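Work the whole structure out from these sequences, hints included.
Protein chains: 4
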Amino acid sequence: MKPFKMVSTEYKSEPTRIHIPAPGGNDVIIGEGYCTMIAGPCAVESSEAYLELAVMLQHLGVHILRGGLFKPRTSPYSFKGLGQSGLDIMAEARSITGLPVITEVMDVRDLDVLYDTVDILQVGSRNMQNYSLLEELGQLDKPILLKRGLSATIEEWLLAAEYIVSGGNEQVILCERGIRTFEPYTRNTVDIGAVPLIKQLSHLPIIVDPSHATGKWEMVRPIAKAAIAAGADGLMIEVHQDPDRALSDGKQSLTPENFSRLYEQVIRLAMLEDKEVLKNKG
Amino acid sequence: MKPFKMVSTEYKSEPTRIHIPAPGGNDVIIGEGYCTMIAGPCAVESSEAYLELAVMLQHLGVHILRGGLFKPRTSPYSFKGLGQSGLDIMAEARSITGLPVITEVMDVRDLDVLYDTVDILQVGSRNMQNYSLLEELGQLDKPILLKRGLSATIEEWLLAAEYIVSGGNEQVILCERGIRTFEPYTRNTVDIGAVPLIKQLSHLPIIVDPSHATGKWEMVRPIAKAAIAAGADGLMIEVHQDPDRALSDGKQSLTPENFSRLYEQVIRLAMLEDKEVLKNKG
Amino acid sequence: MKPFKMVSTEYKSEPTRIHIPAPGGNDVIIGEGYCTMIAGPCAVESSEAYLELAVMLQHLGVHILRGGLFKPRTSPYSFKGLGQSGLDIMAEARSITGLPVITEVMDVRDLDVLYDTVDILQVGSRNMQNYSLLEELGQLDKPILLKRGLSATIEEWLLAAEYIVSGGNEQVILCERGIRTFEPYTRNTVDIGAVPLIKQLSHLPIIVDPSHATGKWEMVRPIAKAAIAAGADGLMIEVHQDPDRALSDGKQSLTPENFSRLYEQVIRLAMLEDKEVLKNKG
Amino acid sequence: MKPFKMVSTEYKSEPTRIHIPAPGGNDVIIGEGYCTMIAGPCAVESSEAYLELAVMLQHLGVHILRGGLFKPRTSPYSFKGLGQSGLDIMAEARSITGLPVITEVMDVRDLDVLYDTVDILQVGSRNMQNYSLLEELGQLDKPILLKRGLSATIEEWLLAAEYIVSGGNEQVILCERGIRTFEPYTRNTVDIGAVPLIKQLSHLPIIVDPSHATGKWEMVRPIAKAAIAAGADGLMIEVHQDPDRALSDGKQSLTPENFSRLYEQVIRLAMLEDKEVLKNKG
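Protein chains in written order, with this note's numbering: chain A, 1 to 282; chain B, 1 to 282; chain C, 1 to 282; chain D, 1 to 282.
What the hints contain is simulated information worked out from the structure, not anything from laboratory work.
Hints should not be assumed to be uniformly reliable.
Pairs involving identical chains hold if they fit within one copy or between any two copies, as the list cannot separate such chains.
What the hints assert, rightly or not - Straight-line alpha carbon distances no greater than 20 Å define the calculated EDC-like cross-link-like pairs of lysine to aspartate or glutamate that follow:
1) Lys-80 - Glu-136
2) Lys-12 - Glu-155
3) Lys-80 - Glu-276
4) Lys-80 - Glu-156
5) Lys-142 - Asp-27
Computed from a predicted structure; not experimentally measured.
Pasting the structure below:
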């Protein structure tokens, strides 16, 4: 018997589609039948750069803007994000573009301030089993993007989602972002099989983050395409105007030009798969 | 510096395309710009069943027939294949359909008898580092399909190919078939990132075997599509008329109906990717 | 260059020995030259059982009592510990036996209440990269036992320790508790090589938890002995009067009789290795 | 139900002890209650060096001499061993010291020539699932040392042993030599838990190879000690007079001085564990 309940297809056979209210007016939908594009830099680094990029991405048809404010970094000596001041920049980008925004929450004590500005709260892979955090998120009426832990099994991942859903918040989006294996060429190994498996086991939507999954920008496009062909409901892609100078994750970030090329091909694929690539009306 | 030489894109920038002479007349090509379909049962089980399936697959447009004769089995008590008598069946299927055939070689002492009948010799994942065998294959003028070892790194895999190529045989086709990870839901974890990585590092063609990579027939179609979207040059798929009664690997085998559905979708994808799905004129 | 600094042997060549003030009067030392035994049940389940076991373990010469109050459980439907009421039981056991106590902290909001009663705060493997928590622990003047994450590299583990030490708290004890691999027979694979590696790279003490590392009580004794022979500074062992009825982790818990047998053998080994097995004067 | 039969403790509860006839007269025993030491260089490199080292090791009380003749190398461009000419050197060392010798067999076609000179035939980790080879070895009346594959589960390893035993050769010694994990600091991760697990599941003896398992000579001694404390029946250690100039595996080889220090400590541990460290009467 499967240990997860409320997230399973046995509990609810109809695929869950999550509506993200866009400040610009139109909802963005994440779920079966749609292909949703989330993009932005790894971290919000400066007001000027973030706003410029946000407008660019809006014009390319991106549906949701990402940007890290509180960054979980392996070393205590790495850049950890702008925190509160970055949140103000994000709020401005949200207002200018009319697009919903997503950022990671690492600490239950940050929830209040993030709740008011952010449209989707992200749980990073290192916190997938931070159960205190998951329980708090279960109390909120806000969509949660739950990244798979670096070495989490499919079952543990769905049980982490169960923590949120059983707490009362059904708006959970799963995000495959690569698992840890023996292979040293790539930062992680993207588990593309997770896409059809999750579709079979759960009614929750699943998207793929090919940037973190590979750690190499050259691989982002083929993996993004593979994700959509395998049935993913969307993508989360890191984009930076000047990847070589990014304060974090530059090697896996696409330039806007490369992102645009990726997006064109993804759109053609999504159409072949009968997925609606949402028109962003923001 | 990379430890592999002759298989690298530095050594030869032009993608290698391998011509498989078909007994029916037309060559089958495996390599960049083509999408080649290899299909058949895990093991040749009986003359009647194999010939019936071979003709079915020919009519569906499959380019190469597979079928195991000498099966590497984890347990000494499992069905190990028909051996020599299976080879006669395979030769008959080859003659009737005009299609090239591929089977696995496990033992250097079987090379002579296989050489005369078989069009492509397969090295299984358990023998990827059987260097005595690789050295013998380097002496042959016959295409070799080299499966990735269960826990082989990309580098070790390319070095295994280097054994064959440096011996004088440049006709090596790489085949990703899943790696071993901590995830228990699937038999293996398909490393879809291997496709763009190999394309970047090597001029050799790469195909994907989604049947062994997942071990679950329900996952074969999405993973096959993902492979083509990621840039793979072809697929190897297990098909069986009655998977529940297969003597090996039934759980991962498609019925001919399901295979036909997969192939249709793969063809549409391949066309989107500007890959020629070879017409089989055999 | 190594990315960790203050925890490295380059920064401080003298091994760090951590003094745990025992309520009964004598300090317990964890570090090079000592073999420290931490034991107790996975979770504090009832006052009667915990106090009885605590006295038993005191008489067997255990130096520190363990017991879970806030349990991180993979499923939201599992027993999550007694929380605050368990803390009162632990305080009583501490007072009766005179032994220091250790329990896991999962949430920064629990720190205040735990700080007053508990002698060592444990960071569980799921929270090894919960950087908000690590930063808070860096502010405290209380020893921290930092378990290795399930798939954390040695480097990531030492960087997690660096978070605490660079924050101002140098009293960090590392605890190897098994890593995730492909092997299904055991819950985890104990990385015994981590013991000599940590000794080479860092001045911090390292102990081993063979109960979680194996998940099978039959393996606890041989692995405990291997840990001491490899140079570990101590052990953390799960003991339960009635493992079959334990509310969590029964399969990996030793009966007091089996624990006593283990401890005798460990003491002989520790003496051979010139490690002082502390006399508990509590 | 367990898939292996003849190697299991259900089939035969009495531990198997394997007698290796020593050319010098006294048998060497490998099995429960004994601690057997196998040592020598990774590869036989020259007559002078090998004979000198062999005599040194004999005087230190080593029971069996190792030395690679046919080396499985990841790259086709690495030193592959002296082959037949190395065998003559090994035969001379065997004759001079009176000690049994062990070397790896990679190819069924080498069996005849090796059979006459060598006392134990080793199957390397890359060939653990080379079933053609295993089947041939099952026909011989010669002890076989079967190394665990790099990513072989305990079950697959025992099934590989079952191939040999079910073929008629019951003289199989298992050798744990490290498994592949995500950890990059060490070449492999020694699975120390394999020792008690094999003791529980099988009657066959198990030894540990800490040299290959770690890839670092500094770790060989602590891991060797851990292996004996965990219950291993012996050790296989790489020793080289000048590790920096070794043609293969220099980084993991001990100098004779360091080996001597290791052996002293192992002997003390073995005595504590009531294992007889065989007197070498050769």
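Outcome of the hint check:
Only between protomers do Lys-80 and Glu-136 lie at most 20 Å apart by alpha-carbon distance; the minimum there is 16 Å, versus 23 Å within a single protomer. Taking CA atoms no more than 20 Å apart as the test, Lys-12 paired with Glu-155 passes inside one copy only; the shortest distance there is 17 Å, against 38 Å between copies. In the homo-oligomer, the alpha carbons of Lys-80 and Glu-276 never lie at most 20 Å apart, since the shortest distance is 36 Å inside one protomer and 43 Å across protomers. In this homomeric assembly, Lys-80 and Glu-156 come within 20 Å of each other (Cα to Cα) only across copies, at 16 Å, whereas the closest approach inside a single copy is 28 Å.
Taking the shortest alpha-carbon separations for Lys-142 and Asp-27, only the intra-copy value of 14 Å comes in at or below 20 Å, while the best inter-copy value is 49 Å.
Consistency note: the structure conflicts with earlier hint 3 alone.
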